[in-house]
Amino acid sequence: MTVAGRPPERERGGAALLDAVLRFRALGLLVALVLLVAVTWLANSRFLSAQSIRDILLATALTLLLACGMTMVVVGRGIDLSVASVLGLSAFGTATVLADHPGLPVPLAALVGLAIGAACGTVNGLVIAYGRVPALVATLGTLYVFRGLVYFLAGGSRISAGELPRGFLDFGTARVLGVPWLFLIAVAVLLAVGEFLRRHRAGRDLYAIGSHEEAARLAGLPIPSRLLLAYVVSGTLAGLGGVLYAARYGTVDASAGYGMELDIVAAVVVGGVAIFGGSGSVYGAALGALLLTVINNALPVLGVDPFWQRAVVGALIIAAIALDRLVALRVAASLRGRDDAHVH
Amino acid sequence: MSTENAARWPRLPRRLAGWDAAVVALTVLTLLVASGAVDEFGTTRNATFLILDLAPVLLLALPMTLIVVSGEIDLSVASTVGLTSALMGELWAGGLPLETIVPLAVLAGAVLGAFNGLLVTVLGLPSLAVTIGTLALYRGLAYVLLGDTAVADFARDYTRWANGSLGGGWVPNVVPPILLLVVAFALALHATPVGRAIFAMGANDTAAAFAGIPVERTKFLLYVVSGAVAGLVGVYWTLRYSTARADNAEGLELTVVAAVLLGGVSIYGGRGTLLGVVAGVVLLTSLQNALRLAKVSADALTVITGTLLILSVLLPNVSAALGARLRRRTPAPPPSPSPPTPAARTAVPLPEPTRRDGRP
Amino acid sequence: MTRTPAPTTKPGRTRARRAALALGLALTLAACGGTTRDSEEERDDAPAGDATADPDAAYATDLSVAMLPKSVNNPYFEASSEGAERVVDELAGSYEYTGPSDASASSQLSYVNTLSQQATDVVLLSANDPNALCSALEQARALETTVVTFDSDVAPECRDVFVSQVDGAEVGGALLEMTAEQIGGEGEIAILSATANATNQNAWIDTMEAELAENPDYADIELVAVAYGDDEDEKSFRETQGLLAAHPDLAAIVSPTTVGIAAAARYLQGSEYRGEVALTGLGTPNQMREFVADGTVTEFALWDPTALGELAAYAGAAVASGIITGAEGETFTAGELGEYTVGPDGVVTLGPPTRFNADNIDDYDF
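Heads up: the protein sequence lines correspond to chains Z, Y and U, in order. Every letter in the first sequence is one number past the one before it in full-length UniProt numbering, and letter 144, counting from 1, is 144. Every letter in the second sequence is one number past the one before it in full-length UniProt numbering, and letter 90, counting from 1, is 90. Every letter in the third sequence is one number past the one before it in full-length UniProt numbering, and letter 283, counting from 1, is 283.
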């Protein structure tokens with residue numbers, strides 16, 4: 001737990017400083033992002049072509065969606081490792097429904113995906129909030145279970161673009177004023193979750209639970225129902241991610257989204273959400289998601305050996321959390337200094 | 001973490017002992033049923049394969065148990081296996097003798113573990129985030145090292161040893177060293193001051209620190225040991241499959257964590273037994289083996305693993321809740337400070353005095 | 001490593017020094033006269049050659065045959081399995097399709113062990129690694145199991161016969177030929193491959209590189225990049241966009257993997273590069289039909305995986321029945337597929353790849 005995890009209301013002066021630090025952190029991410037884009041653009045001007053930017057936005061959309069749900073869960077001191085499996089289950093479910101009933105309106109099929117996600121999230125939430133199973137254990141378990149279900153349903157089959165309705169696939173690449181639809185959806189979700197966490201009662205409760213569960217309990221917060229809500233939202237967003245995945249890629253098999261959970265956790269952690277809860281914002285997570293996507297897209301353009309990709313991402317995660325820690329220690333020290341000054 | 005622990009404290013020892021016993025019983029039952037119901041399962045030949053298959057998971061689960069009991073986690077173990085394996089391939093291709101490569105690989109593993117340990121103890125970073133980072137980093141470095149190549153022409157004497165059996169019988173050559181390690185880890189955890197210190201810091205590391213336990217140094221050493229064992233597994237994996245490649249053991253960390261948790265170790269730290277973990281590993285691997293022999297598809301196994309994992313925590317919780325409700329109805333004495341049963345005391349040597357001392 | 005965490009009452013430094021000393025000693029001792037790569041030159045085990053072939057023997061009935069693909073969740077191998085199952089049914093044997101859900105050599109090894117325990121007569125294997133399975137395969141063969149690899153081979157001494165989908169040189173050649181036709185013989189090209197470890201793809205890429213360097217017909221074609229999509233749709237998709245962004249003058253992408261070409265086609269279809277950049281490679285007609293119809297892709301190639309499965313099953317049955325032993329020059333008849341001859345190193349080749357374009361694609365369904 002970092003200092004940033006404490007409720008900022010504790011000290012007025014501290015609150016302002018903390019706020020500044022959090023802004024500074026977002027600023028740091030932005031600077032890194034701009035630098036990376038600039039360097040890549042200098043190396044190859046095509047990197048900032050409309051097409052290339054659209055590609056990056058599209059690729060970010062999925063990570064962004066799942067990172068929103070993950071932020072809610074992590075802020076409440078949980079984790080959801082099952083998101084990639086939920087995404088796979090929803091993508092395959094939606095694609096199957098659409099392939100079997102070509103006449104079905106696309107929004108209705110999307111609802112199927114959302115419902116699958118919500119159901120998975122409910123399972124997670126019930127086991128964690130009411131069964132009191134640690135989130136890491138529960139979602140590691142459902143990571144296996146949900147993926148096993150996809151394997152079971154799909155077997156060796158693959159639904160290819162040809163079997164899906166044209167309208168659904170077009171939706172995957174369609175754009176408004178040059179901006180891909182999928183990205184707009186993700187941004188809408190981002191703003192909604194951001195608003196919820198910032199202003200809504202239940203959202204604030206999640207921060208309280210993540211900061212100190214026992215204190216939150218004593219303060220009379222309905223912990224199980226809040227946690228359940230967080231996991232249902234995370235599952236539903238993963239379900240939505242599955243629908244968008246199917247629309248975007250057109251080809252869906254049992255391994256859709258396999259291993260993606262680590263990217264999502266990485267985006268959230270790089271974005272400054274404390275892994276043990278109570279602190280961080282969904283906008284930070286969004287920046288993290290964007291940065292990781294840009295790195296993934298920039299490395300091949302920069303001609304970096306693709307083998308380095310993973311190592312770079314790993315190093316970045318470590319650097320981000322180490323930096324957070326150092327900044328937090330600094331702030332703690334300077335806060336102490338201020339208090340002393342106050343006493344005089 | 002620790003606060004939660006403290007809140008649920010009174011009922012825990014008995015519950016946990018119950019799960020330990022349950023896992024061991026379930027494992028024995030699985031072995032018996034499988035021997036009866038599945039042809040070929042109970043043969044010595046199958047036992048050989050079974051042991052060879054469970055060796056890497058079991059080895060990695062040993063230090064993982066200690067780390068999880070101490071309240072931390074190490075998700076980078078499989079990537080460490082991959083990186084040491086890649087390193088081994090690189091050095092072998094470079095013409096170094098295997099007798100030099102093996103200690104170097106283990107040393108490399110220890111260094112990788114030490115890096116984790118430094119980040120967790122000196123910088124005080126959350127181990128979950130750190131080891132997710134090194135999971136990606138170490139695997140990435142393995143790819144940087146070997147890229148798309150595989151080194152395969154390892155000395156036949158060594159690869160034969162890794163796959164061979166004692167005196168041509170059915171007991172694999174790797175059994176004695178593994179048994180030695182299992183006993184060493186079991187003793188370290190359950191019969192030494194260090195073991196008690198690990199339980200103490202897992203239950204509450206602030207309290208443990210106040211009680212004079214060098215929490216950081218112990219945790220650091222745990223990561224070094226975990227890395228070194230992963231290096232050893234890297235060597236074993238490379239020789240067993242006669243192939244050093246960057247993707248060796250990819251994804252194995254989840255199996256190891258699943259086995260440890262299935263064995264009744266609490267993810268919050270402070271509770272667990274090595275016997276339970278060994279049973280957990282055997283249960284997972286023999287189920288897998290039996291289902292394969294029974295021609296059940298691999299998908300079923302994925303679902304079963306996940307379900308078992310959740311049930312391993314959910315069932316004791318539910319039964320405890322039901323038990324509490326029953327007790328509330330009957331006018332029995334309050335259950336809270338009930339002395340642990342003898343079985344629980346041997347199974348979970350919890351450092352109660354330390355905890356009390358540690359409270360400020 | 002048996003060293004457990006040091007009891008904390010004692011100073012750890014002397015201990016560490018002692019450990020370092022011991023290690024250094026071990027290294028020095030080991031350095032003189034150890035087992036190095038150079039001392040391991042001799043590799044024994046020529047293909048088991050004590051049996052003799054009887055070309056006139058009939059196919060045995062009641063054979064138990066199992067297909068072990070790279071992973072079970074793969075439509076390509078399902079198609080092969082259909083072919084193999086048909087042949088086994090014809091020969092009145094029993095058939096099983098089994099394997100791991102992840103494409104790794106280690107999980108495949110357990111399946112090899114399981115099959116040999118069940119005394120399976122013939123194993124049809126597509127290997128995830130050329131060497132990792134060898135010792136298990138040797139054990140299986142010692143217990144009278146015939147091992148036939150198809151699609152992806154293991155080291156020749158570890159199996160009886162390898163049924164190759166195509167001649168490696170032919171694939172590389174055909175890919176380059178199609179590419180050259182589509183870009184008018186000049187320009188920059190890039191390859192979108194499967195995983196960096198994939199045996200087949202790497203062999204084909206090598207052939208293509210050699211051809212590009214030597215064949216004067218391709219003098220104006222330059223290979224500028226090789227990207228790896230890991231046979232994952234999403235990664236392949238991303239790598240395609242990376243290639244196009246990095247190389248503005250790219251004329252063509254060659255993707256010698258079914259996952260890669262489909263993902264690249266999806267990307268091209270929705271981007272401004274459609275029609276500008278040519279795409280060819282190896283793909284299945286069902287996946288590519290749409291892209292050929294709308295002009296994103298002109299022509300691509302593949303062999304028929306079902307026929308490959310059939311041939312593998314016949315080859316396995318032929319070895320198990322004593323018709324062939326896997327030595328060069330032996331022949332056997334594979335039902336309607338016709339007569340095949342065993343080549344050097346026990347390789348049987350299905351035939352040249354089939355090319356699919358707007359004219360013929362609707363004749364195929366796989």
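Among the hints, a few may not be true.
[Said to hold, decoys possible] Computed, partial: chain U to chain Z, Cβ under 7 angstroms: (1) ASN73; (2) SER101; (3) ARG289.
Hints are computed from structural coordinates only; laboratory data are not their basis. Ideal Cβ placement from N, Cα and C applies to all residues, glycine included.
Verification of the supplied hints:
1. The beta carbon of ASN73(U) comes within 4 angstroms of a beta carbon in chain Z, closer than 7 angstroms, and the hint placing it at the interface holds.
2. Checking SER101(U) against chain Z: minimum C-beta separation of about 6 angstroms stays under 7 angstroms; hint holds.
3. Interface restraint check: ARG289(U) against chain Z, minimum CB-CB distance 6 angstroms, threshold 7 angstroms, status holds.
Of the numbered hints given earlier, the model fails none.
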